[in-house]
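Start from the sequences and build out the full structure, keeping to the hints where you can.
Those sequence lines, one after another, are chains A and B. Under this note's numbering, the first residue of the first sequence is numbered 1, with each subsequent residue one higher. Under this note's numbering, the first residue of the second sequence is numbered 1, with each subsequent residue one higher.
I should point out that these hints are in silico values taken from the structure, not numbers from a laboratory. Just to be clear, a hint being listed does not mean it is correct.
Said to hold, decoys possible - Capping the alpha-carbon separation at 27 Å, the derived lysine-lysine pairs in DSS-like fashion look like this:
no., chain 1, residue 1, chain 2, residue 2
1, B, LYS27, A, LYS49
2, B, LYS44, A, LYS69
3, B, LYS62, B, LYS27
4, B, LYS51, B, LYS27
5, B, LYS44, A, LYS49
6, A, LYS69, A, LYS58
7, B, LYS51, B, LYS62
8, A, LYS69, A, LYS49
9, B, LYS44, B, LYS62
10, B, LYS71, A, LYS68
11, B, LYS51, B, LYS71
12, B, LYS44, B, LYS71
Bear in mind that the values here come from a model prediction, so they are computed numbers and not experimental data.
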Amino acid sequence: AQSVTQLGSHVSVSEGALVLLRCNYSSSVPPYLFWYVQYPNQGLQLLLKYTSAATLVKGINGFEAEFKKSETSFHLTKPSAHMSDAAEYFCAVSGRNTGFQKLVFGTGTRLLVSP
Amino acid sequence: NAGVMQNPRHLVRRRGQEARLRCSPMKGHSHVYWYRQLPEEGLKFMVYLQKENIIDESGMPKERFSAEFPKEGPSILRIQQVVRGDSAAYFCASSPTSGIEQYFGPGTRLTVT
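As structure tokens, this is what we get:
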């Protein structure tokens, strides 16, 4: 069974500081990995996804994530936080089987950005 | 291209009533997924449907919950005899026939009083 662990339910940074949100996965087969962002009272928006051999994945809004198989990690980073980045971030994993792709989500990390 | 649409956005039901949540997938998408987000938790998969077929309902509670995706019209998630524990945000997602990327709707927030 696949699972995702997000370390830290809340992360606080100052505007302009580095953002690092941690995600570790467990999967018996090479997975697909995703980061989604959820703004208050809105649905989930895909930030980026890992589906291929390129281990460093660039997404929208200046975010990127690196797939490290040896560490079973897929941490999300952004060099410089902006106030508009304040939101909840979810890491998710799915299998590589053709057809059905059930997403298994972590419990989320709320990013707080202070001026 | 309109995104995934869900309605209503907010729904209040008294205990024992029925809740009907609707999801219209993106144009051209024939795969629909329902997820539930309980307060302070991540999303949990409930059911996966294609037109007129339930493909995987392994995440659906055994009783009171049902889902359908008819040939015409939106997908419906139906909760009978709602209880307080059903209060949550219910998200629908859709994907193209062969896609791995799921596009999420804005969700329906169900409150059971």
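Here is what the structure says about each hint:
1. B:LYS27 with A:LYS49: Holds. B:LYS27 to A:LYS49 sits at ~22 Å (cutoff 27 Å).
2. B:LYS44 with A:LYS69: Judged against 27 Å, a Cα distance of about 25 Å means the pair holds.
3. B:LYS62 with B:LYS27: Distance of about 31 Å is beyond 27 Å: violated.
4. B:LYS51 with B:LYS27: Holds, because 13 Å separates the two Cα atoms, which is no more than 27 Å.
5. B:LYS44 with A:LYS49: holds, 19 Å
6. A:LYS69 with A:LYS58: holds, 17 Å
7. B:LYS51 with B:LYS62: holds, 22 Å
8. A:LYS69 with A:LYS49: holds, 15 Å
9. B:LYS44 with B:LYS62: holds, 15 Å
10. B:LYS71 with A:LYS68: It is violated: about 43 Å lies between the C-alpha atoms, which goes past 27 Å.
11. B:LYS51 with B:LYS71: holds, 6 Å
12. B:LYS44 with B:LYS71: holds, 26 Å
Figure legend: structure checked against the earlier numbered hints; hints not met, in rising order: 3 and 10.
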